[in-house]
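Asker: These are the residues of each chain, in order.
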Amino acid sequence: MKRLRLLLAAVAALGCAVSFTAFAQEEGATFVPKIPERQSWSFAGPFGIYDTAQLQRGYKIYREVCSNCHSMEDMHFRNLADPGGPEFTEGQVQALAAEFKVTDGPDDNGKMFKRPGRPADPFPKPFPNVQMAKLANGGGVPPDMSVLAKARSYEPYDWFPADVGYAIWSMLTQYQTQGPDYISALLQGYTKPPPDFKIEPGQNYNEVFAAGNGIIAMPPPLQDGVVEYPKGPDGKPVVPETVQQYSRDVAAFLMWVAEPKLDQRKQNGLEVMIFLLVAAGLMYFVKKKVWAAVHA
Amino acid sequence: MSGQSTYVPKNALAKWLEARLPIGGLVHSSFIAYPTPRNLNYMWTFGGILSFMLVAQILTGIVLAMHYTPESTLAFNSVEHIMRDVNAGWLLRYLHLNGASMFFAAAYIHTARGLYYGSYKAPREVLWLLGIIILLLMMATAFMGYVLPWGQMSFWGATVITNLFSAIPIVGDTIVTYLWGGYAVGNPTLNRFYSLHYLLPFVIAGVVALHVWALHVAGQNNPTGIDVKSSKDTVPFTPYATVKDTLGLIVFLLVYCWFVFYEPNILGDADNYIPANPLQTPPHIVPEWYFLPFYAILRSMPDIFFIPAKLAGVMAMFGAILMLALVPWLDTSKVRSARFRPLYRPFFWVLILVCIGLGYIGAKEVTPGRIVVGQILTAYYYVHFLIILPLLGLIETPNPLPNSISESVLGGNATAMPAGAHAAPERKG
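Taken in sequence, the protein lines are chains A and B.
This note's numbering applies: residue 1 is where the first sequence begins, and numbers increase by one.
This note's numbering applies: residue 1 is where the second sequence begins, and numbers increase by one.
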């Protein structure tokens with residue numbers, strides 16, 4: 001009897017120990033990323049279009065901060081003047097393009113040469129090749145930003161039926177802004193790591209960065225006041241020069257970069273929907289009249 | 001049923017042509033005088049919708065092909081070139097991309113309608129089999145089309161799916177080498193997928209012609225499932241079916257355009273906007289939604305005796321489509337329509353729910369719990385076709401069938417129809 005009790009106690013103790021270590025391991029290993037919040041954007045919903053002033057501010061952040069490491073190879077300087085974009089004037093675009101040095105050539109001597117950018121040029125890449133990009137960034141390659149805002153998403157629920165409900169709800173409410181939500185949350189996600197979280201030198205903690213289990217190679221790119229915004233008549237910036245505002249502006253800009261025809265798409269969409277609704281209405285009555293004799 | 005060509009050429013040229021190639025009579029008997037059951041509901045508009053979608057996909061695809069570059073280092077950016085610099089390129093691509101989803105949605109509804117109303121039963125078995133062949137061709141076409149943008153999910157989807165063929169004993173590895181055009185998914189794979197993606201839609205069009213031909217020989221089924229007995233049971237295709245199909249198509253287009261213009265990327269995976277990288281596997285490889293139930297079946301198979309799990313999965317996945325092909329011979333009931341089959345009806349809806357459930361499991365990351373659910377649903381899928389369907393026909397007492405289609409529509413008062421309604425319908429409206 002005593003032996004049995006001892007055995008039971010041993011089994012119980014073992015069970016506790018096993019489950020405790022399992023629990024402890026899970027605690028140490030799993031990083032639970034913070035889920036980005038659904039934000040309101042000027043370009044969300046059936047009638048949403050880009051905010052030109054916001055895109056211009058976003059471009060300034062790309063120019064002064066992001067472009068040091070991130071390419072944008074599908075964009076040309078001329079796109080900055082496109083309708084439904086930042087809509088800089090042609091003169092402004094020429095000036096903005098000339099700020100960059102681009103490689104051209106070969107010239108008559110067979111040599112490549114540098115010259116100021118022109119509106120027809122694509123945005124130059126910060127690194128000539130992937131190896132150089134890795135070398136300069138501690139082994140990480142800064143992703144190209146051409147379609148970045150469409151290449152990032154997140155799923156807030158992983159349990160039934162919340163995940164299905166969320167998917168249906170997203171479809172019905174035309175939720176298409178996971179990308180900018182994610183980017184703006186990531187840029188604001190450089191918080192203090194939990195006390196037991198291990199970070200090697202050269203790494204950074206980001207509470208949103210699920211892909212790297214909280215560890216991201218990119219150091220916090222934005223600080224309050226780092227980019228100067230246009231001033232109002234009172235000499236103060238029109239919008240606050242804060243990390244939060246910067247994050248939103250650059251996320252909006254990147255959404256435009258990824259989906260430059262959004263304004264036109266929604267305008268055409270409205271025309272098409274009205275046309276189809278009217279056609280459906282007319283066809284309904286045609287059908288009713290044609291079939292009236294048969295249904296009698 | 002068909003062939004009652006009442007076509008009379010109206011002028012000398014038409015008469016001349018008709019004596020040499022009776023194409024006018026063919027069109028007239030197929031799309032104008034063709035008798036359609038008068039009780040068809042809107043589920044019967046999906047045949048026309050599918051024809052429209054095939055043409056739409058071919059037309060948008062031909063123009064996209066003019067601007068796309070099938071080369072592994074250029075493909076991704078050439079798609080972005082279409083999105084940015086080609087006139088209405090964004091519209092063409094979003095139409096084509098979402099068109100694939102809408103094509104499958106319509107095809108699945110069309111197939112489910114056939115299952116519900118027993119459209120596969122004699123004399124329509126060949127018609128049904130041709131439909132299954134079209135579905136298989138659509139799957140191959142859609143899969144290869146998804147590879148073309150050469151994003152992460154394109155590349156890794158191609159890797160996973162082509163690798164499946166290596167499970168085939170003896171010849172598997174050779175087949176995979178031919179699919180790849182080398183020893184890994186790469187530029188040769190992209191090239192041959194592009195070539196086949198351009199070819200297969202025309203093969204589909206050919207099989208669709210056979211499908212329509214078989215339909216016009218056997219005639220359409222209808223919601224009662226009983227045969228057409230007299231001309232009172234039918235109305236001419238034009239104008240009756242034409243206006244009804246057009247209305248169905250416009251409503252379908254409203255849904256299609258909702259996706260194209262307002263949420264063109266919601267049905268896709270964000271990872272496919274990351275250029276393909278052979279050195280980095282995405283954390284979660286999933287196919288497009290229309291493959292999810294099959295993907296769930298593939299993943300849910302365990303090792304079975306001497307058959308490794310991979311081969312078992314491939315067999316179960318293709319077997320799932322084979323089950324559909326065998327339905328005409330697995331269903332033992334003499335009654336076609338589920339409307340008069342009190343036992344089959346609930347089982348049909350359970351099957352639909354099981355397929356949706358499989359789709360859900362296919363979309364999610366694998367967990368032990370989900371594996372078990374996937375296995376139960378897969379087992380049920382097979383049980384439905386191999387056990388329930390043959391058994392139901394033997395034990396079920398069908399409800400009484402109406403004497404004729406017109407009786408079922410008019411409640412036994414078949415004479416209530418005005419004499420002019422089908423005597424001279426073309427002059428109406």
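Calculated directly from the structure, the hints in this document are not laboratory data.
Warning: the hint list may mix true and false statements.
Computed cross-link-like contacts, SDA-like style, restricted to lysine to any residue with a CA-CA straight-line distance of at most 25 Å [unchecked claim]:
#1 288(A) with 408(B)
#2 287(A) with 258(B)
#3 134(A) with 190(A)
#4 229(B) with 294(A)
#5 288(A) with 41(B)
#6 287(A) with 33(B)
#7 287(A) with 228(B)
#8 229(B) with 32(B)
#9 261(A) with 281(B)
#10 289(A) with 40(B)
#11 34(A) with 281(B)
#12 266(A) with 88(B)
#13 125(A) with 33(B)
Given the structure is predicted, the values throughout are model-derived calculations rather than measurements.
Asker: Could you tell me which of the numbered hints above are not met by this structure, giving the numbers in increasing order?
Answerer: 9 and 13
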